[in-house]
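**Student:** Sequence:
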Amino acid sequence: MTPVEKMHTWAIERKTTASVTVSHRAEAILVELYVQRHALDGLSAFRTQHDLRPDLYRHDESETEIFEAKSTATHDKVREAIAQLCDYAVHSPHPVTRLTALFPERPQPAGMAYLHRMGIDCVFLDEADLFQRTPAPAVRRAHMQPVWRGE
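With the numbering used here applied, the sequence shown corresponds to residues -6 to 144, in that order.
Worth double-checking, as some hints may not be accurate.
Stated by the list, open to error - Okay, the calculated beta carbon distance ranges per label pair:
{"hint": "1", "residue 1": "Asp69", "residue 2": "Arg30", "range": "25 to 33 Å"}
{"hint": "2", "residue 1": "Gln42", "residue 2": "Lys8", "range": "34 to 42 Å"}
{"hint": "3", "residue 1": "Ala76", "residue 2": "Gln101", "range": "25 to 33 Å"}
{"hint": "4", "residue 1": "His31", "residue 2": "His84", "range": "21 to 29 Å"}
{"hint": "5", "residue 1": "Pro128", "residue 2": "Lys8", "range": "44 to 52 Å"}
{"hint": "6", "residue 1": "His87", "residue 2": "Glu120", "range": "52 to 60 Å"}
{"hint": "7", "residue 1": "Thr9", "residue 2": "Ala121", "range": "38 to 46 Å"}
{"hint": "8", "residue 1": "Pro88", "residue 2": "Pro128", "range": "36 to 44 Å"}
The set of hints was computed from the structure by calculation and includes no laboratory data.
Since the model is a prediction, treat every value here as computed from it, not as a measurement.
Cβ coordinates follow ideal geometry from the N, Cα and C atoms, glycine included.
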């Protein structure tokens, strides 16, 4: 067993000099690339009543899918994607049938297994710069749908 983390101070002071930071919008770039390559899929977005917005949303007569993009495929980012997808799903304009995490590379096996345990598909860019989908097992997706929907 690991002991509970202890707090040693109530506040931390941090001083920095003025600087300019350039941030690359990796998630936005990934979403834009996916939209360009799937222009006929009817991709859009929606906002929840709390002003949250998933990266992509797709609804047709057979399926409703929400996508969340992440800048890297680290385990922390996999966890973030799962949490955000579950948060968005309950607010979907139509009952969600598929959740998908979108990454710039394939997550490690532990991350992929975690996504699939939660019934969430993984889409990632492969070495040839093509999007690959690794779907969650259908039985896991069916099991998790009531959880996603808040039923």
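**Student:** Next, verify each hint and record whether it holds.
**Tutor:** For each hint, the structure was consulted:
{"no.": "1", "hint": "Asp69 with Arg30: 25 to 33 Å", "result": "holds (27 Å)"}
{"no.": "2", "hint": "Gln42 with Lys8: 34 to 42 Å", "result": "holds (40 Å)"}
{"no.": "3", "hint": "Ala76 with Gln101: 25 to 33 Å", "result": "violated (18 Å)"}
{"no.": "4", "hint": "His31 with His84: 21 to 29 Å", "result": "holds (23 Å)"}
{"no.": "5", "hint": "Pro128 with Lys8: 44 to 52 Å", "result": "holds (49 Å)"}
{"no.": "6", "hint": "His87 with Glu120: 52 to 60 Å", "result": "violated (35 Å)"}
{"no.": "7", "hint": "Thr9 with Ala121: 38 to 46 Å", "result": "holds (42 Å)"}
{"no.": "8", "hint": "Pro88 with Pro128: 36 to 44 Å", "result": "violated (19 Å)"}
Violated hints, in rising order: 3, 6, 8; the structure is consistent with all others.
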